[in-house]
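Chain B is fixed; fit chain X with the ligand onto it per the hints.
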Amino acid sequence: MAIGYAASGGTIRVTPFLLLVACGGSTAWEAVDVDGLTHLEAVEKSRGKGIATFVFDVEEGQDAFLFTGDPEAPFGAYVRTLTDPNGDVVFAARDLADGVESLSGAQFANVLTTLNWPILATHPPLQAGRWKLEVGPLDEEFRQRRKVEVFGALSLKDDDDLSAGTLTVRIVYADGTDQDPELVRGTEAAVAVWEEIYAEHGLSLNVTYGTYTGPISQSTSGSDGDAYVAIAEESGIGVLNVVVISDFTDWQIPVYGVSGGIPGPLVPTIRSAVAVNGFTNAGPDLTFSEEEIRIYGETLAHEGGHYLGAFHPVEEDWSTWDAVDDTEQCGSESGCIQTFRDNLMFPYPVCSPLECTPQHALTSGQRTVLHYNAGVR
Amino acid sequence: MWWWLGLALAAPPELVTSLSARHASQTCDEFVETYGVEALVEVAEGTEMPPWLPMRAASCVGAAVDRGGDAAVLRWLGNDALPGLAVAAVAGLEQARTLPEGLAPAVAARLADPRFARGVRLERSRHPALVELVTAGD
Ligand SMILES: [Zn+2]
Chain B
1 MAIGYAASGG TIRVTPFLLL VACGGSTAWE AVDVDGLTHL EAVEKSRGKG
51 IATFVFDVEE GQDAFLFTGD PEAPFGAYVR TLTDPNGDVV FAARDLADGV
101 ESLSGAQFAN VLTTLNWPIL ATHPPLQAGR WKLEVGPLDE EFRQRRKVEV
151 FGALSLKDDD DLSAGTLTVR IVYADGTDQD PELVRGTEAA VAVWEEIYAE
201 HGLSLNVTYG TYTGPISQST SGSDGDAYVA IAEESGIGVL NVVVISDFTD
251 WQIPVYGVSG GIPGPLVPTI RSAVAVNGFT NAGPDLTFSE EEIRIYGETL
301 AHEGGHYLGA FHPVEEDWST WDAVDDTEQC GSESGCIQTF RDNLMFPYPV
351 CSPLECTPQH ALTSGQRTVL HYNAGVR
Chain X
1 MWWWLGLALA APPELVTSLS ARHASQTCDE FVETYGVEAL VEVAEGTEMP
51 PWLPMRAASC VGAAVDRGGD AAVLRWLGND ALPGLAVAAV AGLEQARTLP
101 EGLAPAVAAR LADPRFARGV RLERSRHPAL VELVTAGD
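Chains B and X, in that order, are what the protein sequence lines are. Note that the working numbering numbers the first sequence so that position 107 is 107, with each residue one more than the last. Note that the working numbering numbers the second sequence so that position 78 is 78, with each residue one more than the last.
Please keep in mind that the hints were generated in silico from the structure rather than gathered at the bench. Each residue gets a CB set at the ideal place from its N, CA and C atoms; glycine is no exception. A few of these clues could be false.
Footprint (simulated), chain B over chain X, 3 or more residues, beta carbon under 8 Å [to be verified]:
hint, stretch
1, 50 to 59
2, 75 to 85
3, 113 to 125
From chain B, some residues computed to sit far from chain X (all C-beta separations above 10 Å) [said to hold, decoys possible]:
hint, residue
4, Ile-51
5, Thr-81
6, Pro-85
7, Gly-87
8, Pro-118
9, Lys-132
10, Asp-158
11, Thr-168
12, Glu-188
13, Asn-206
14, Asp-226
15, Ser-246
16, Asp-325
17, Glu-328
18, Ala-361
19, Gly-365
This is chain X alone, in the form it adopts within the complex:
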């Protein structure tokens, strides 16, 4: 058991260590396959240090949006207090093969925040539904 923010964090310590590395050597797919999406959500929402640890976990949840990560990603898109989780999760969508229905509108609602827009260059996205959000009207 790993204690984090005074709460028992069920996520394996090996996952926390790997995600804390300055230079990640494992892909999100490897983390998802080895530890599952729930463990990654727990790290994203339950850890603070180093600062990239929850961000990296959130990006891997975004990468698994088509494998059970959608609820957490939608939750973060609606959370103004922790905008970094939304940025990281949307960045991770680039590694997802498909986007669930309803996700693009939630992303669109966030784009008015210039910091969010700066963190996700959607014009480069592999998902046409996300590219459309920033090129409509061009």
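This is chain B alone, in the form it adopts within the complex:
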């Protein structure tokens, strides 16, 4: 699954209340006060072969981290390597370069890069000690470039129970959708469905609602990107923003629901949201039936799954898969439907004319991906 590269980004805003942390490494991290997370921020410049290196210490009791690297415009980025305290490279984008298995969006070039670790149930528990993460800032020809500033944000969680947790979600009505009672009714009912689905997998949602009145679309370029930064800044760090829009007019490849990353950032960036189009989820009569509310709820849960790091178990070419161990590598459309028709992360709902098979299921391995995300705590 290739993720498009677009030349924008570099829009993380640093929050106040900074406190210098004596990390002892080469990265000068600053601590930001965030409820329930150890949150650090730093800027590194790419050197040598065009690599920006972030060094950080994991303390005893910390179970997972999520890193976002946001290069200055107009560069993109990917995570080149992650090295554990033993000196073992535990993540290397080049090992995944054939694209047959998707482990993290960090393996692909994108406007910014986000890596959660660990990801899979088969990964060893997070080890205390000094870790090293290399970001490759890329130009439009996908060449690594030197002297590019990369803003790094690192959220570490201390989570006693990695099989249960809470995700903080802020639903933001934008584009005037708060003025549409049917969209509000449908969205609130769909959020209830999302809560039910996640509860089946040990995840609870802490949901709040807000509105955004500035111009916005599903695009994250230019001022529309600034809109997503502003929304995420208001939410604060560690929150999944779900932006409900209604406008279609910038459709090139249209979107009914889209995640800002796999996983998505926990700090304000142009990609710090899931965007859903309320109208497309209501269908041609623009009124939500019970079935459409259920499917809208599944869309929110599906996009939330991407935001927490889950890929489709299989892509629609039926020859590229996620890296999760217990999702079967099916090899044909009929075989994949047979295996995954009720799976939340299947790339499309499997429908007869008037209804679709409920898609609530996650394998144990997929569930672990979600629970390891630093945003779940």
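Okay, now just chain X with the ligand, sitting in the frame of chain B:
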């Protein structure tokens, strides 16, 4: 043959599957070139689930308004029962190179519906005739 709403739907199943995907990977132009406008009109008017399937098809008919999609788009603009098809089709106009005569007035007639106006931000349109509909008098 694909059965849909009790009617035989002649549109190819591959088209229905591609348009049902949560994240579309093909453009409207690719759908129009591969399957033709009539198949897209048939999906827009003859399917219900998932809800974005007919909406996506309607947007691609709008994208092909200058290649045979105009009759369906005008029909949807006049259909109060299925306002989403009009919204989706007008959104798709952004991918059409030219607008047929008579389309802008039909769009204008729809703008009194606030839900329609909310779905199509015409001030951003690439077509001056549509921008004028919402900026006249500014
Ligand atoms: Zn998806």
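| said: Under the constraints set out in the numbered hints, which ones does this structure not fulfil? | reply: 15
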